[in-house]
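For chain A, the structure is supplied; the task is to place chain B on it using the hints.
Protein chains in written order, with our numbering: chain A, -5 to 454; chain B, -5 to 454.
Same chains, same names: a pair is fine if it fits in one copy or spans any two.
Straight-line Cα separation of at most 25 Å, DSS-like style, residue types lysine-lysine; simulated pairs:
{"hint": "1", "residue 1": "K451", "residue 2": "K28"}
{"hint": "2", "residue 1": "K28", "residue 2": "K15"}
{"hint": "3", "residue 1": "K3", "residue 2": "K56"}
{"hint": "4", "residue 1": "K207", "residue 2": "K229"}
{"hint": "5", "residue 1": "K24", "residue 2": "K379"}
{"hint": "6", "residue 1": "K24", "residue 2": "K451"}
No lab work stands behind these hints, which were simulated from the structure alone.
There are 2 protein chains.
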Amino acid sequence: MAQKPSIPKGTRDFSPTEMAKRNYIFDTVKSVFKLYGFQQIETPAMENLSTLMGKYGEEGDKLLFKILNSGDFLSAVNPGELADPNSSKLTTKISEKGLRYDLTVPFARYVVQYQNDITFPFRRYQIQPVWRADRPQKGRYREFYQCDVDIIGSVSLLNEVELIQIVDNIFRNLGINVVLKINNRKILAGIAETIGEADRIVDITVAIDKLDKIGLDKVNEELLQKGVSEDAIVKLQPILKLNGNNEEKLNQIEVVIGKSEMGMKGIAEMRSIFGYLSAMTLETEIELDLTLARGLSYYTGAIFEVKSKDVQIGSITGGGRYDDLTGIFGLPGVSGVGISFGADRIYDVMSQLNLFPKDAIASTQVMFVNFGEAEERYCLPLLLKLRAAGVSSEIYPDADKMKKQMIYANKKGVKYVALAGESEITQGMINLKNMETGDQQLIKTEELVNILQEEAKRVL
Amino acid sequence: MAQKPSIPKGTRDFSPTEMAKRNYIFDTVKSVFKLYGFQQIETPAMENLSTLMGKYGEEGDKLLFKILNSGDFLSAVNPGELADPNSSKLTTKISEKGLRYDLTVPFARYVVQYQNDITFPFRRYQIQPVWRADRPQKGRYREFYQCDVDIIGSVSLLNEVELIQIVDNIFRNLGINVVLKINNRKILAGIAETIGEADRIVDITVAIDKLDKIGLDKVNEELLQKGVSEDAIVKLQPILKLNGNNEEKLNQIEVVIGKSEMGMKGIAEMRSIFGYLSAMTLETEIELDLTLARGLSYYTGAIFEVKSKDVQIGSITGGGRYDDLTGIFGLPGVSGVGISFGADRIYDVMSQLNLFPKDAIASTQVMFVNFGEAEERYCLPLLLKLRAAGVSSEIYPDADKMKKQMIYANKKGVKYVALAGESEITQGMINLKNMETGDQQLIKTEELVNILQEEAKRVL
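One chain only, chain A, in its complex shape:
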């Protein structure tokens, strides 16, 4: 016998049960995106390498999956070049395309390519897999889905507010308690400016980011090591010791960075966002968190991160405002704001907390047991009626042993099994067995559709 086949490491197959759960997440996310007026786009799995290279740093370039040119890919390589055992040099000769690494760069490419067709502000969402040649490990895959939602072409802070509402709406629908942490790049810049270390914004933020993990003393030590002046570190202390609610925190920050124009702009942005939110009833806890940095080089305004309150896991959603996403493709000055939902982590959280509704992951509602030709003739018209009424149903295709058919129904998670043997047929009846409770009821065939249709409606 041949060796059992397998799939590449870091990739996954999804079974029917896993797919039902994943679809529940995707469907929820999509329906909220639509509710807020966002429209879907899709881009190809493959992009030209010229589109992808240099966009994710040197490390990212290495993590791109590259596709071998088709046909005789060596014909364009001269023997001298071929003799050079330098993989990365040869790569550019034999590969022109790569697999999408994220949805952000393809989106930027899309916006620039179709700039004349797009009506701005463009509210788009995109749910597609991405591929990274990362070392596979628990919870990190080489193929995984991203769910991105962005508004591009508007600087209004209402957009930030809408994204926060979307976060609230989606996690409320999914039943996950979350905290949304929010920060602002302009405030961070204001802090760096105020303490006289404007160029050190990255060092400072990286250090602040460790506050929770290593404590105040160690953070101060690290700042000193990085070359931040003692004077600056002293000035920074009130920022590191921030407390109170978001409004109180903003007031404390204002005291420190009040003279930085950039910093005050960040504070004003946050106050405006919090102002909008105060008129809404969100279930999500919103927390101003200056330690939040997330790809700082990229964001220019608000920065978001969402964490589950009940499961210890990294962020399950994140994003922020960027002012020059499309500049890399020659269209500068287009501001946007977006967030990305991490489907795999959301899946893990929901699995751990047992949050998938039973009905959402149910399979067939009713299966007819197959006792042979005569019984088939009796059941098939009923099957037609059920399906016409929208009731998910099937008949076991072979007249196998009853036990085998019941095992099938049970393993598949079929809700009801319908049995019609000789005596039922004579009476014009059918036996309906609830597979969960084991209850069995003898009903008239005319009742069958009504009973199951009512059930199906309740589920919807």
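Frame of chain A; chain B shown alone:
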């Protein structure tokens, strides 16, 4: 300015309108699959090349997109091998993975890999993109979606019947008039056997397949050229001149091939399938068509093909019974039957016939015009209520010129625009403009949710 970015030839971006239409097709297909008790699986985009190679013939191997091994992919290649300018030899050294070429081989791999977890008969569907390094041309892409539905692990002809019902149900829901052509490999084998050319089944079927295009005389000529005996060709004539309804055709075939056991088995299968179907009211025309061959080497029983009646285009769905799909991966003797829906061609047919329902591809139901801060404060609570009521809605994020906002609403296909200026606010009213008819009505804000919610319900 940088050159406008582009995408690899043969690949496509999908705009919001295209996505809405594609989703309409996929959602319809999926909902019918579910109604018939099929469950979804997904497999990774990348498979090991050992899984893919040799499964699609020599030509297919060339059309596989191969992925360059990550890291220093030349380290495992010795300089001597590298000096050999033979692309295909080097490929196996520097590439271990390829992109999925279809959904059939990954499904076979899946069934073998998880044979102990799967409950047979396994009713699965799968909707994912596949990639082929074909020369791009009109209607042929290097990345396209397949929608496959199969029942594996049961020889019952009820499965064939279910697939025909699914075809009927899906195209009825989509509004496409179709003819489903059906043939049976066993009948073809019986014909070849009867005319004494059992080994020539492929040649004969290829020739029969051309009947519509080149006519009877040329077909006979071709058969002669291929070495089929004159005697055999004479025997074949009644088959080539078949007419009448399906039952009459079967009777005529029976006269010719009645002594072939295999052939009679095929006729019995067809009679059984037609028998089941006669008890159902299908809109689809079912036509026995002996010229239908489709990947003959692969199918062992029924063969299906679906064509649009109103648009000249190749088959939009096809499939058949196979008896040894999983044998290639070491699990012999598992019979299955499946069909594949061609999303791109279905899309083209629906576009040509203008079959996409307006509501299915609608975008936001209502957009609030943004007149500034005071008006925002008036509109935002209404927006909250609408979304809570499930009405897809948005507010234009900036207080731009009215004209710009109306152009946005118009281009996006927004159904209603809601306007609240100073006078409306004073009265507690809102102006609701139907963007299609141009009608405008002044209504109380309390009525807004009801009116739009009723509309949204009608659409569902």
